[in-house]
Amino acid sequence: MIKKMLKNKVFVVCFLLFIVIIVLSVIGPWLAPQDPLEINSNKVLQPGDSENILGTDEFGRDIFSRLLLGIRPTITVALGATFIAFFFGSLLGMIAGYLRALPEKLIMRGADIILSFPPILLALLVVGFWGGGVKNLIIIIGIVYIPYFARLAYSSTIQVKGLEYVQSEILLGASHVRVLLKVIFPNILSPLIIQCSLTMAAAILLESGLSFLGLGIIPPDPSWGQMIGEARGYIFSYPMYVIWPSLLLGLTILSINLLGDSLRDILDPKLKIK
Amino acid sequence: MGQDLIKRILIIIVQIIIVASIVFSAIRFMPGDPAVLVLGTEKGADPEAVAEMRETLGLNQPFFTQYFDWMKNAVTLDFGQSIFTGTDVTESIMERLPKTLELAFLAMLLATFIGVPLGIAAALKRGSIADSIVTTFAAVGISFPVYIIGTFLILLLSFKLNLLPASGYVSFSDNPLEHLQKMALPALTLSLGLASTIARMTRSSMLEVLNKDFIQTLRAKGLNENKVIFKHAFRNAIISVITVIGLELGNLIGGTVLIEYLFNYPGLSSLLIQSIDNRDYPLIQGSIVFIATLYILINLFVEILYGVMDPRTRKQQ
Amino acid sequence: MENETILEINNIKKHFPISKKGLFSKPTDYVKAVDGINLSIKKGETFGLVGESGCGKSTLSRLITRLIEPDEGEVIFDGQDFLKLKGKALRKERQKIQMVFQNPFESLNPRMKIEDIIGASFDIHRMEKGEERRKKVETLIEKVGLDSKFLSRYPHELSGGQRQRIGIARAIALNPKFIICDESVSALDVSVQSQILNLLNDIQEEFNLTYLFISHDLSVIKNVSHRIAVMYLGKIVEVAEAEELYKDPKHPYTQALLSSIPIPEPDTEYEKNPIELKGDIPSPVNPPKGCNLCTRCPFVMPICHEQEPELDEIEKDHNVACHLYSTNSELKESKVL
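Protein chains in written order, with this note's numbering: chain A, 1 to 274; chain B, 1001 to 1317; chain C, 2001 to 2337.
Wrong hints could be hidden among the right ones.
[Unchecked claim] Below are the DSS-like pairs computed for lysine-lysine, each with C-alpha atoms no more than 30 Å apart in a straight line:
no., chain 1, residue 1, chain 2, residue 2
1, A, K182, C, K2136
2, A, K135, B, K1212
3, C, K2092, C, K2113
4, C, K2113, A, K182
5, C, K2096, C, K2143
6, A, K161, C, K2013
7, C, K2088, C, K2013
8, C, K2177, A, K182
9, A, K182, C, K2289
It is worth saying that the hints were derived from the structure and are not from the lab.
Sequences and hints are given; from them, build the entire structure.
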């Protein structure tokens, strides 16, 4: 397995990038050369110089430092939301696929209802009434993506459940919990892990979209989406202000998406699209 | 088909009721007092003003009384008045709705006119420029948010080349040319994601059809290659392309949220963002119910359309 | 062989609904996979169950083990109403009935080491742990003729025959009384088949086991079984001692099945005049009215379209469900064979 991973160049590159992003989200604030929140009315929207490498924003804050600080909320929300979606989605999907009957109806109809909202609309509904901020974003984005995991876990469980090794475990007298966690779960994990990386990318997209609308991460704390939203007003006077966070955000999502694709090639060769 | 249609419609009615219930309950389960939040810190300290606002929001009634009142009114499309401007919520929405629909419709047209030829070109010459455009397009389209793509388009087309205006709206009756000019960038930006999906779908379904026996037979019979491609192959590939367009139509409505904000386009979605900014709760509720219902209805419409179009699904039903 | 009954099945039925799309629609059609079966199996014997694929024999095995819940009927195992058990009691009792499955590539959990596959029973019932568990597992794998070096491997590193041995080791870990072999050797090469059959035989003697041996392969069934039941479209059509059944098959379906085996020197009646059935097996959704075989039987009579034949004992220990042998009617006169 590990040999296969090292052989896949896209995977290696994207995985390293992913590690860098995670590390930066942890230590980014300490690397910042300037105070990312310090307002300086003397140098508003300045191009880069020796002190502010990438220039300053409309409040005279150092863009480079804000970019470094802005990774953290984005990654926190993405990891948190993905975890919630993965945990509850897989659990509910497995229960629905394993027990069938009433739990299946309730869980899968519930998933359908969430899916009958466009994701951003559901997020706006919650943010509109509950407000933004990292905690709320984690919860709501997590809920938005629960149905995707639930459907995946559900269909995989139904497939695996009929297999003879699951039946033999039941015959030996195993409890439902053991059959679900020790037998079924390890065997449906691969597609769920692939879904995790795709969900992370989607969660970043959604979080940054809300922040772009000014409804996500609460200012003055920076996040990339929110910086793009603010820089939008200065697009003609200082275009580099909007370009930097846009490029970083796009490349981050791209690398996580490619990570997911290469993971799919490694874990599940059958799914590979010719 | 008839019986199934009735069932589908029943399910959709239940779905819309559930959506509306969730939207209604949202204000009741808010942390903090909505009335105080609407009034802001200064006025919110005045108990009289708060009591008045609670009355306006209907919060002084028991949950179910208000719920049934609200639902009853919602059926007649009455969502109350905007707290901020006092105008009728449905009226404001109806004024904005056609603009959003026009934007989405234009984007769909553009996406089809970009995506289909690109997909055909890519399928006919694998490894050609068109083919690599489709591939790159796909990766970028999935990873770069629409508003970033929009920003780059603004920088390129209005800032550098000065071709198109970057924001604003002029109604068609006032100035048809300017209207289209101002629509161009938002519609183009919104269309690119869908265009990339259409191009990929066209490419793969064309490739699939071109490998089928009946195409080989037509070629062997000496039929003109253009005729083979456009009259026979494309005709067979078009169903899956239309399917994709249908499936993505709903997402297009979701996409308008970010696009309208980026381009200051006065559609329904920007009304929603505005009302969230203003904590204009009746307006938020009304817009979300409208957009969600629109989304659900579009999906229903698309589903019915397949039933009519594709003989295979018709038989299944 | 003792004469005590270990398993008794009374009028067991399972009809699978053909689900329709949609939320409100109720299923209108059913696949009659198992349609009223009576059997009794004696302690210590190997009872063969033979039939073409799709006749419901695998479903029957899953009904007995309650991997699928029957619609109606009774399963009396070891004097106990097996279908009434619930929860913990069921989990405790069901370990007495084990299965050896058909597909050696699907029957072992690909994410577990062989040691944990065989040892699963001990984990489930919180029995032996650590060193003791290891020893027990080693004994078991040696019992099925494999080296204990396989214990640290994963299923995909083993051959089909080796995997089937692991499946047997897993099945006997909890000292069951009854083992269902559901097409246990049909996925294996012929040479490996006989090794596994011998192993099953040895184990039966050592542990005093009863087998229900399910197969579509008449020659395999003949070699292992004491008694044999023939199944067609969810019903038992004939039950007899193995030798008797092969020598003197009564039911036209059994005769047709046996005719399909090539024999070098035919000496019995039906061997000289092989019987062929017309057409294909009808769909189990709409089996014919009356006798299930009436659309294909060369000896079909008017009553076959009207009335379903009962499984009657027409000779000692030989039961047949066919109007040709009806004891209660004048039809007996028109017997063809």
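Against the structure, the hints:
no.	hint	verdict
1	A:K182 - C:K2136	holds (21 Å)
2	A:K135 - B:K1212	violated (53 Å)
3	C:K2092 - C:K2113	holds (25 Å)
4	C:K2113 - A:K182	holds (13 Å)
5	C:K2096 - C:K2143	holds (19 Å)
6	A:K161 - C:K2013	holds (23 Å)
7	C:K2088 - C:K2013	holds (25 Å)
8	C:K2177 - A:K182	holds (27 Å)
9	A:K182 - C:K2289	violated (47 Å)
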